Structure formats: structure tokens, C-alpha cells
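J.: Sequence:
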Amino acid sequence: MQKCKDDNAHHMRHLETALELDDSRVFSDYAVWLNGILNNYGMETHTLTDNFRYLSNLFPQWMNWTSPLSGPSAST
1 MQKCKDDNAH HMRHLETALE LDDSRVFSDY AVWLNGILNN YGMETHTLTD NFRYLSNLFP
61 QWMNWTSPLS GPSAST
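Note that my numbering has the sequence shown beginning at 1, numbered continuously upward.
I should point out that these hints are in silico values taken from the structure, not numbers from a laboratory. Fair warning: there could be bad hints in the mix.
[What the hints assert, rightly or not] What follows is a list of derived Cβ distance ranges for each label pair:
1) L58 <-> D23: 20 to 28 Å
2) D6 <-> N57: 18 to 26 Å
3) K5 <-> I37: 13 to 21 Å
4) N51 <-> L19: 14 to 22 Å
5) Y54 <-> D29: 16 to 24 Å
6) A9 <-> M43: 16 to 24 Å
Please read all numbers here as calculations on a predicted model, not as lab measurements. Backbone N, C-alpha and C define an ideal beta-carbon position, used for all residues, glycine too.
Start from the sequences and build out the full structure, keeping to the hints where you can.
T.: This is the structure:
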């Protein structure tokens with residue numbers, strides 16, 4: 001459970017940086033990079049997008065973006 005909390009804190013730091021810089025590419029580039037790493041370890045993309053979707057439900061005002069991992073349908 002702690003690893004999950006640590007991972008989410010790391011995701012949020014990248015999101016915070018993207019917001020501070022007003023550049024969504026900071027977070028989307030991170031997401032694409034992280035997805036590649038996780039895929040190399042056998043995790044499927046939906047694991048990451050599901051986690052981001054969960055975070056977006058907690059912080060909807062911060063997550064007004066389309067996931068680079070799942071295309072335009074990510075917001076539906």
C-alpha cells in the first residue's frame with residue numbers, strides 16, 4: 001500500500017510541475033515515459049490509465065486533459 005501512495009505522490013508532483021509551468025506536455029511526456037517502463041515490466045497500459053482516472057476523480061479541476069495513453073476517449 002505504501003508503494004502505491006509513493007507512486008501517486010510522484011504522479012502528483014509531475015502534475016503540479018505541469019500546472020506551475022502551464023504546460024501539459026510535462027505531465028503527458030511523463031505519462032508516456034512511465035507507461036513504457038511499466039509495459040517493460042509486464043504491466044498493461046490500463047493499469048496506469050485506471051490510476052490516473054482514479055486521481056482525476058479526486059482532483060477533477062486539475063485533470064482537465066486527454067490522456068496521451070488512451071487517446072480522445074479517455075475523458076469518456
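J.: Hints first: check each against the structure and report whether it holds.
T.: We went through each hint and held it up to the structure:
Between L58 and D23, the C-beta spacing of about 22 Å keeps the proposed range 20 to 28 Å intact. As the Cβ distance of D6 to N57 is approximately 20 Å, the hint placing it in 18 to 26 Å holds. Between K5 and I37 the CB atoms are about 19 Å apart, so this pair conforms to the stated range of 13 to 21 Å. For N51 and L19, the hinted distance range of 14 to 22 Å is satisfied, since their beta carbons lie about 18 Å from each other.
The hinted window of 16 to 24 Å between Y54 and D29 holds, with their beta carbons roughly 21 Å apart. Between A9 and M43 the beta carbons are some 19 Å apart, a value that agrees with the proposed interval 16 to 24 Å.
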